[in-house]
Amino acid sequence: ALIALREKVIPSLQALRATLNEKAVAFRDIVKIGRTHLQDATPLTLGQEISGWVAMLDHSLKHIEASQPHLAELALGGTAVGTGL
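Taking my numbering, the leading residue of the sequence shown gets 1, the next gets one more, and so forth.
Please keep in mind that the hints were generated in silico from the structure rather than gathered at the bench. These numbers were taken from a predicted model, which means no experiment stands behind them. The beta carbon of each residue, even a glycine, is placed where N, CA and C say it ideally should be. Take the hints with a grain of salt, since some may be wrong.
[Stated by the list, open to error] Straight-line distance between alpha carbons at most 27 Å, and here's what the computed BS3-like set of lysine-lysine pairs gives: (1) K32 - K8; (2) K8 - K23; (3) K62 - K8.
[Stated by the list, open to error] Restraint ranges, calculated between C-beta atoms of paired labels, are given here: (4) D58 - K8: 18 to 26 Å; (5) A72 - P11: 15 to 23 Å; (6) L38 - A72: 27 to 35 Å; (7) A4 - G34: 17 to 25 Å.
Starting from the given sequences, assemble the full structure and let the hints guide the process.
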């Protein structure tokens, strides 16, 4: 799982983040209606909305990075396997 995470998931998320960040800059002047609880809300730019997605990816990537040391641990010894139980 850790190998797949490091070789595929994290690079893919980083590429998605980079692409979304480019789009946030490109669409920074396009105004759209905001939505809150499925109702119309204060207008914002499409770039602002996309930058929110970028921030969510940043937050998720930090948590994924923090989980890696725990995923590298193996239960070797001290288990019930091979004891006849």
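Tested hints:
Among the hinted pairs, K32 with K8 is inconsistent with the structure: their alpha-carbon atoms are about 34 Å apart, more than 27 Å. Pair hint K8 plus K23 holds up; C-alpha atoms about 23 Å apart against a cutoff of 27 Å. Taking the CA atoms of K62 and K8, the gap is about 16 Å. The hint holds against a cut of 27 Å. The hinted range of 18 to 26 Å is satisfied by D58 and K8, whose Cβ atoms lie roughly 19 Å apart.
Taking the beta carbon of each, A72 and P11 are about 18 Å apart, inside 15 to 23 Å as hinted. For the hinted restraint 27 to 35 Å between L38 and A72, the CB-CB distance of approximately 43 Å leaves it violated. The hinted window of 17 to 25 Å between A4 and G34 is violated, with their beta carbons roughly 37 Å apart.
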